[in-house]
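Keeping the supplied structure of chain A fixed, place chains B and C upon it in accordance with the hints.
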Amino acid sequence: MARPHRNLVRDHGQDLRLFGTPAARTGLVAMLAVFAVLPTVVREDFWLSVLIYVGITAIGAIGLNLLTGYCGQVSLGHAFFIGAGAYCTAIAGGTLGLPLPLWLAAAAMVGAALGGLIGPFTLRLRGHYLAIVTLGLVFVGEHLWRNLRPVTGGNSGTSVTASTALGPVDLSRIEVAGEVYSRNQGWFWLVWALVGLTALLAKNLVRTRPGRALQAIRDRDQAAEVIGVRAGRYKIAAFMVSSAIAAVAGALFGAYQQFVSPDEWNLLLSIQYIAIVIVGGLGTIFGAVLGAIFVGALPALIDRYSDVIPGVQTSVGGDGFISVFALNQAIFGVLIVVFLVVEPRGLAGIWLRIKTYFRTWPFSY
Amino acid sequence: MNRAALTAALAALALTASCGGAGGDGGNAGAGAAGAPAAVPGFDGTTIRLGVLSPLSGPVAVIGQPLTTGNKVWFDQVNADGGIAGKYKVELVQEDTQYQPDVTVQQYNKIKGEVAAFTQVLGTPSTLAVLPLLRADRIVAAPASLDALWVREENLLPVGAPYQIQAINVMEHYLSDGGGSPQSVVCTMIQDDVYGEAGQAGIDFAAERMGFAVANTQRFKAGTENYAGQIQALAGEGCQMVFLVATPTDAGKIWGTAAQARFAPRWYGQSPSWVGALAQSPLAPYLQANVLLAAEGTEWGDTEVPGMQDMVSRMERFAPQQQPDYYFAFGYNQARAMTALLEKAVERGDLSRDGLLAASRELGAVAFDGLSGEYRYGPAESRNPPRSTTIFRVDPAKPFGLATVKYNITSPAASAYEFVKADI
Amino acid sequence: MTALLQNVFAGLSLGCTYALVALGFVVIYKATGVINFAQGGLLALGAYLGYTFSTSLAMAFAVAVVLACLAAAVAGAAVERIVLRRMVGQPPFAVIMITIGLLFVIEPVITAIWGFENLQVTNPWNIDTVTVGGLVLGVRDLWTIGLTAAAVVGFFLFFRHSDFGLAMRATAFDPEAALAQGISARRVYAVSWAIAAALAALAGITLAAGPGGLSPSIGFIALAAFPAMILGGVDSPTGAVLGGLVIGLVEALTRGYQDHLFAWAGDNVSVIVPYLIMILILLVRPYGLLGTRDVRRI
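So the protein sequences, as listed, match chains A, B and C.
Per this note's numbering, the first sequence starts with residue 1, numbered consecutively.
Per this note's numbering, the second sequence starts with residue 366, numbered consecutively.
Per this note's numbering, the third sequence starts with residue 790, numbered consecutively.
Rather than coming from a laboratory, the hints here were simulated on the basis of the structure.
By construction, the Cβ of each residue, glycine as well, lies at the ideal position given by its N, Cα and C atoms.
Just so you have them, the derived chain A footprint on chain C, three or more residues with Cβ under 8 Å:
no.: 1; segment: 876 to 882
no.: 2; segment: 896 to 910
no.: 3; segment: 1016 to 1028
Computed, partial: chain C to chain B, Cβ under 8 Å:
no.: 4; residue: 1010
no.: 5; residue: 1041
no.: 6; residue: 1048
no.: 7; residue: 1057
no.: 8; residue: 1060
Label-pair restraints from in silico Cβ distances:
no.: 9; chain 1: B; residue 1: 788; chain 2: A; residue 2: 167; range: 24 to 32 Å
no.: 10; chain 1: A; residue 1: 209; chain 2: B; residue 2: 786; range: 50 to 58 Å
no.: 11; chain 1: A; residue 1: 334; chain 2: B; residue 2: 544; range: 55 to 63 Å
no.: 12; chain 1: C; residue 1: 845; chain 2: B; residue 2: 576; range: 51 to 59 Å
no.: 13; chain 1: C; residue 1: 1074; chain 2: A; residue 2: 225; range: 19 to 27 Å
no.: 14; chain 1: C; residue 1: 845; chain 2: B; residue 2: 671; range: 33 to 41 Å
no.: 15; chain 1: A; residue 1: 116; chain 2: C; residue 2: 880; range: 25 to 33 Å
no.: 16; chain 1: A; residue 1: 334; chain 2: C; residue 2: 971; range: 30 to 38 Å
no.: 17; chain 1: B; residue 1: 666; chain 2: C; residue 2: 917; range: 31 to 39 Å
Next comes chain A alone, as it looks inside the complex (with noise of 0.2 Å):
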């Protein structure tokens, strides 16, 4: 008996799938096995570090693409809720001496507090107006963590000593049959297991009813509202979810960094953010991962081979015109620009345009 091509969808258990074709199994397992082996391959701490900062920012991203992506609701205050979980974590897994999972789930109820404390703004201002307030909310979280000096140590930043065992392992250091593994890499697995696990969570609620409620308010609110759905409570509930999913990467950081100060939380924090979910592709969980990847990791391929670079100077009194920094801030720069002069659809649009390529091989167009 013939059988179906594999790329035909039969019904619609079928069609939710989210590894349905054969191709997209493979890449599943081809991920997890990158995930598994690649802090054993890769054991430089350097590497691993950047690794670790680059899935925090993915998690971040994600909770800022549910918000600008699907909701439309440009956020430039996602430093302020960052830090927020940072310092829940000083306070929750440090004085508290609570285990991993409850300062995690701690920093996202703090995160959706707050998120449920500053939404409503959403329901009285658009594009604009927001984008503007919530830059506000970053000045304003900066001073409130300078002078709530209890909380937050004030000026000097404070340590945050988090706990990392996860049951009877201790993810700091791991044993397994012999081999002992260090901090970064199990740090590595931590977080790269809850990027997985909030990527998967936000594309479920994506491609559920909250998700096209979302992306109809996006698409055109009145609209949305006139064919029965509640705009202002899926704006604000957005808010929340982002916010929350903010703060576990604020507590993230805090806890892997081990102390954290107030001048971290600034606005190139948050506008590293949105670039990041521009870059990726607005509107698509896998594109937010793929900015983190990209803007994070870029900065420090190119710091890691400057000297090769004409024309940068990589030491004081060295040769060359830019420095390191300077040259990754233009860069920066330019890939916002260039990504939105030339692929508005980030780089998840590249990788969709690719995989259609390929798809209909060799009848593509």
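Okay, now just chains B and C, sitting in the frame of chain A:
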């Protein structure tokens, strides 16, 4: 916690050793009798590599660049003289931190496998961010800030009198030579961050000891464009003396605003507030009349102090484009302390990380040829930083715009200041 | 009383800088529907050009100011021509990000050319003051207020009464109808950018001629002008000037009375006061004081 840190450190060491392939882990290689130190991470038998984590670009590069040049000029001279203990050359591995803690952590991880120690980590937030890692990896680092937090940290090798000491000595000078009395209206104007709070802590300590009160404290956010409000408040309070903790850009604006408001108290500035260019600006007459600076060592180009002569001639030789700069001198001193540590380690025949930590515990007093007070190292709990401060006045004719008013003040209160181990 | 007036004067001077920057925001927004985050970059660029003309090339200060404003205007128009024209018709959010990208490009360019050091701009004002009835007024502040007033009046005369101003207003009101009337939208866009850049440059130079000199962080002041623009209403030039002055005054007064009235709110609350005022006013009037309420159709 300590045990966990230790085991993590061992794991990290085993890892770096296995992937670096340099052979020998930090724990026991070459320890023991004073022979030639064995090759360890950061030392291949002939060259010692030291890390520099500094903002080489961005707004704080004005500090990071001269400081790193200071490190470099000192080691250039050491290398020209044959190297550490006459035979081991020093090479610096510089990484740009952009003054951001997370970038500092990444850069630290990037080079920690190839350096024996860090001769510079600039910035209090950056140092705090790498401190847990330094403890875990058992690496020694020299922080480039005069924060009092560092004195009692085993993994850190600070130099210079901390900001608190500078502030206390300023009050000593004001009350004894500067025309002030405990009844004078003493005020402070500080940058709203850790650096500002360190100066404030010193003044508060002095107030308790010397029996005066701080009438008013104005805090400002670095990089603000308008200081009229703060100056009005200080003038309204009738301040006769104002202790300023700022960086040059803000200090220029603050003094300019004060000059415009015809507010002329006795200003004392913490050393980082000054930059030579201020003496050439239109503000110079006001500064000459009203401003004194507290710093270490002596005026730039002072021929009486041999250390200064050496430094200036070495700077002309190895970094002719460098302008006179206090941060340069700081970096130079820092490198000298690191050199003392390395020589001690070579003497002990062990340049490994544990060897350097042990050497730091055994390191005695290090003198800085008059550029900074003698620092008594040793076990972290018994270290004694220098307690002396020099007061300068503004003089546009001098190379750095500053002339010595009173060399090396050490007030009893400064000597009595206790450095406690902070919970960090 | 003197202290109060002194603070008010400081607030006016600061408010004028905000007003110039906010007016630039509004000019671009009205013509092209874009909030220009690169305004701070243009401000810094203008200030550094002013430094080059006045200090490096030792020109007369007035000439240097005019040249710097012209050069900045050319740069602004060039940015519009090369980058933003390609974005016509794209969603506004994407265009905002483009301007943020531009900001990231302008900054390293400035530091690569002029370095990170603090520079002193040769200027005729320095720290001179005049005393009027017990008040000590900085000459630079007086000039800042005077130049701002002149620029604002000049702008409104141009905008309300010249043919090109009419073209700008028409394009802002309805680009397609304006196009049908033979107005070149392209020229309107380019001129808007040029005007905004020149206003920013003027703000930059008057700031840099102050006692603190010039450093790359000068562009940050544009961030504080955002609340000014939003407060006045994003599409109202009058609102921008009003908003700038209000924000400047409130900031200076909060700062001046920090010790007496605002100690409870934490140190340096004046830094965030502009944002707090903005948020409060937007809750009552979501389109700012003088902004147009947009009519939305399904």
